[in-house]
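Undergrad: Here's the letter readout for the chains.
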Amino acid sequence: MIKKVFMRLIYFVKNDVRYFFKKINSMFRNKIDQYQRAKLQLEDAKIQIDPELERKIDNKELPILSLKNVTITFGSGKKVFKAVDDVSLDIYKGETFSLVGESGSGKTTIGKAIVRINPLTSGEIIYKGRRISGKLSKYEDRFVIRNIQMIFQDPAASLNERATIDYIVSEGIYNFKLYENEKERVRKTEEALISVGLLPEHLTRYPHEFSGGQRQRIGIARSIIMEPQFIVADEPISALDVSIRAQVLNLLKKFQIERGITYLFIAHDLSVVRFISDRIGVIYKGKIVELAESEELFSYPLHPYTISLMSAIPIPDPILEKNKKLIVYDPSIHDYSEEKPRLREIRKGHFILANSKEFIEYQKKLESINTNQA
Amino acid sequence: MDKERKVVLSLKNLEVKFNVRARILRAIRNVSLDIYEGQSIAIVGESGSGKSVLTKTFTGMLEENGRITNGEIWFEGQDLAKLQTNKEWQSIRGNKIATVFQDPMTSLNPIKTIGSQISEVIMLHQGKSPSEAKEIAINLIKRVGIANAQKRFYDYPFQYSGGMRQRIVIAIALACLPKILVCDEPTTALDVTIQAQIIDLIKDLQKEYGFTTIYITHDLGVVANVADTVAVMYAGQIVEIGTVEEIFYNPKHPYTWALLSSMPQLSERGTELYTIHGTPPSLYNEVKGDAFAPRNPYAMKIDFVEEPPFFKVSETHYAKTWLLDPRAPKVEPPKAIQNLHKKLSSKLGVNDR
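Just so you know, the protein sequences line up as chains E and C, in that order. Per this note's numbering, residue 1 is the first one in the first sequence, and the count goes up by one each step. Per this note's numbering, residue 1001 is the first one in the second sequence, and the count goes up by one each step.
It is worth saying that the hints were derived from the structure and are not from the lab. Among the hints, a few may not be true.
With a straight-line Cα cutoff of 20 Å, these simulated SDA-like cross-link-like pairs (lysine to any residue) come out [said to hold, decoys possible]: (1) Lys-1347(C) with Asn-372(E); (2) Lys-1347(C) with Phe-298(E); (3) Lys-322(E) with Glu-1272(C); (4) Lys-1347(C) with Asn-323(E); (5) Lys-325(E) with Lys-1347(C); (6) Lys-253(E) with Glu-1272(C); (7) Lys-254(E) with Glu-1268(C); (8) Lys-1203(C) with Ser-311(E); (9) Lys-1179(C) with Gln-1150(C); (10) Lys-1347(C) with Ser-26(E); (11) Lys-1342(C) with Glu-209(E); (12) Lys-325(E) with Gln-1197(C); (13) Lys-325(E) with Ser-1116(C); (14) Lys-322(E) with Tyr-1249(C); (15) Lys-1343(C) with Glu-140(E); (16) Lys-1343(C) with Ser-311(E); (17) Lys-322(E) with Gln-1197(C); (18) Lys-287(E) with Glu-140(E); (19) Lys-1017(C) with Glu-209(E); (20) Lys-177(E) with Glu-140(E).
Only some residues are given here: those of chain C computed to face chain E with a beta carbon under 8 Å [stated by the list, open to error]: (21) Gly-1060; (22) Glu-1064; (23) Thr-1193; (24) Ala-1224; (25) Glu-1245; (26) Leu-1273; (27) Leu-1340.
In this text, a Cβ means the ideal position worked out from N, Cα and C, and glycines have one as well.
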């Protein structure tokens, strides 16, 4: 009996103490936030982009992001595995650049390297004239995080199961103090949630209460709340339904139009990629094998790997789909013993990985397609 | 379709309810469906439409808070809805109705060899000795297209790629020569190239073993390839069912129209993709009238009042919409999905080369 009363007492005291600390916390929270915000702003002011450069990027004269001879390897000693092999890319402001290839081709590795999850083995990544690969100072690191965000592939694994949606979405602005007061933080979080088609009352829920499509939208909400300039979207729709797929794609497009966001879109589903990208790079075993504008690539696919990828696209039409022929890519058809291949421009903006002998063949093929169509 | 075909699985007025935090969610609302022997039926619908729950009712894999509250599931003269214990299910699940899951990563045990996982199933369900089981297992591994089966028998799942793992999952599912193979989004986690191979494999195996396949998928491209019958689900109900040609070329239900219209293949560059406005109804509440009505641009007054019955379009084609009522005004399907075949052939003409 005494024990019971005692336990009750402890329980009440505990609650009182908890309440007391909560009160104190809320009293000082604002002051602490203000101080940290000022500190961060001061540091962030160290990074200044030349307005001339900014103008050139806006006019698409210069790329907003470029990869220069990027190589990424995993493992060490004898077991080195080259995930990305000497990849160079330029991505211009406001465009959607897609990387397509099968799993293990290194497309996600490139995406992760841009947001500084995977370190480069050699080469460099330039964002707005600044090197963002390798060792960076703290404020440079923050610059990258603020400007470049990533949407992850698996909406099931990329959300913290034990955090509420409120926390997940506002974690970024918490860390960067991108709000004046609690009210504004809630407003921003709610806005982000609404803009991706979810409801403010979802804020107190946990990730497991949502379906795959909703989770993916939470993933998008938490990246756009940072107001980034560049988003690496790693297969954001491959786990989603057709109808939700369209919603998510429209959402991404909407943000692109409204805020001029540039996307690096990583996907294996060519049927979707075709309609959303401006340019497409096809990647095979860590090398870009073909790169062209979207319609150009689909009208004149040259590399055998690209052709095999295209043959695998499911067509939502019973007659076409049931008569479809699958073309399997055989890498041994390339004879690179005499001359190593490199990326060559076969037509304006259309690059292909070939040595000089193959290059001539590809040119002939391109001509024959042209004459056939004429 | 041939009327003589034997019904292998028959669902009658099935209803499934879940207890979620003291509230009741009606996940399946009065579904009746006959599945014929040798058929491949695809169940399509948005996530949350209940397509996975539906298949879980006849594989005995409903979550603990879910139960069948009404209806019957007839399979081989037995009402599966009455089965309670795991033991009773064991003779059905895996043995006669097998499932291939979406994620080959999580459906295999990472600390047991591939071989032991396949032979375990064979020993358990067919009572074979370990050496016999091994022999069967190796044959199966070979059959699903994995080279060097003798050696790979002793490998662990992490030594396999995603596509190969899915092949193994298929091999396990086939180990007991099931009557029905349920493929729950078998290729969503895989690449397009691998996806095409896995689908071809399942189709080949179906021809060889003659089982019935039930695909759950949201990829209409896959549906077009594999299915001969398509059932469209919305908010826990089947709203339209027909042969694959009927569903793609002559859809009747506005939800099917919406689903088809949202295919990215039909969109023009630079324009918005078609989306279905709003969200599916909450199944916690009683749904009044047609569940799709609030999102349906063609909705009529009656749609909000009374639930439509199934209207017969042809022998094989039924749709649950008031638009088919003789009194309803004539409504043409949206422009985007008329002449689907022509449109797609011209648009994707490149692929023919």
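Undergrad: If a hint holds in the structure, say so; if it does not, say that too.
TA: Now for the hints, and whether the structure bears them out:
Only pairs whose Cα atoms come within 20 Å are accepted, and Lys-1347(C) paired with Asn-372(E) is accepted, the gap being roughly 17 Å. A threshold of 20 Å between alpha carbons decides the hint, and for Lys-1347(C) with Phe-298(E) the separation of about 11 Å falls inside it, so the pair holds. For the suggested pair Lys-322(E) and Glu-1272(C), the alpha carbons sit about 29 Å apart, so the restraint of at most 20 Å is broken. With a CA separation close to 16 Å, the supplied pair Lys-1347(C) and Asn-323(E) stays within the 20 Å bound.
The suggested pairing of Lys-325(E) with Lys-1347(C) holds, with an alpha-carbon distance near 17 Å, which does not exceed 20 Å. With a C-alpha separation of about 8 Å, the suggested pairing of Lys-253(E) with Glu-1272(C) holds against the 20 Å cut-off. Taking the CA atoms of Lys-254(E) and Glu-1268(C), the gap is near 16 Å; set against the 20 Å cutoff, the hint holds. Simply put, Lys-1203(C) and Ser-311(E) have alpha-carbon atoms about 18 Å apart, close enough for the 20 Å limit, and the pair holds.
Restraint check for Lys-1179(C) and Gln-1150(C): the C-alpha separation of about 28 Å exceeds 20 Å, so the hint is violated. A hinted pair counts as satisfied when its Cα atoms are at most 20 Å apart, and Lys-1347(C) with Ser-26(E) does not qualify at roughly 60 Å. Distance hint between Lys-1342(C) and Glu-209(E) is unfulfilled; the C-alpha atoms sit about 42 Å from each other, more than 20 Å. In summary, the hint linking Lys-325(E) to Gln-1197(C) is supported, as the alpha carbons are separated by about 11 Å, within the 20 Å threshold.
A threshold of 20 Å between alpha carbons decides the hint, and for Lys-325(E) with Ser-1116(C) the separation of about 36 Å lies outside it, so the pair is violated. For the proposed pair Lys-322(E) and Tyr-1249(C), the alpha carbon gap of about 15 Å is at most 20 Å, so the pair holds. For the hint pairing Lys-1343(C) with Glu-140(E), the CA-to-CA distance comes to about 50 Å; that exceeds 20 Å, so the pair is violated. This hinted pair checks out: Lys-1343(C) and Ser-311(E) have alpha carbons roughly 18 Å apart, not beyond 20 Å.
For a cut-off of 20 Å, the pair hint linking Lys-322(E) to Gln-1197(C) stands: about 14 Å separates their Cα positions. At most 20 Å may separate the alpha-carbon atoms for a hinted pair to count; Lys-287(E) and Glu-140(E) exceed this at roughly 29 Å. Only pairs whose Cα atoms come within 20 Å are accepted, and Lys-1017(C) paired with Glu-209(E) is accepted, the gap being roughly 17 Å. Using a Cα cut-off of 20 Å, the hinted pair Lys-177(E) and Glu-140(E) holds, with the two alpha carbons roughly 16 Å apart.
For Gly-1060(C), the interface hint is violated, since its Cβ never comes within 8 Å of a Cβ in chain E; the closest pair sits about 23 Å apart. With 8 Å as the threshold, the beta carbon of Glu-1064(C) stays out of range of chain E, its nearest partner Cβ sitting at about 15 Å, so the hint is violated. Hint status for Thr-1193(C): holds, given a least beta-carbon distance of 5 Å to chain E, under 8 Å. Annotation: interface hint on Ala-1224(C) holds; nearest CB of chain E at approximately 4 Å, less than 8 Å.
A cut of 8 Å between beta carbons decides the hint on Glu-1245(C): the least distance to chain E is about 6 Å, and the hint holds. Checking Leu-1273(C) against chain E by beta carbon gives a least distance of about 4 Å; that is within 8 Å, so the hint holds. For Leu-1340(C), the interface hint holds, the least distance from its beta-carbon to any beta-carbon of chain E being 6 Å, beneath 8 Å.
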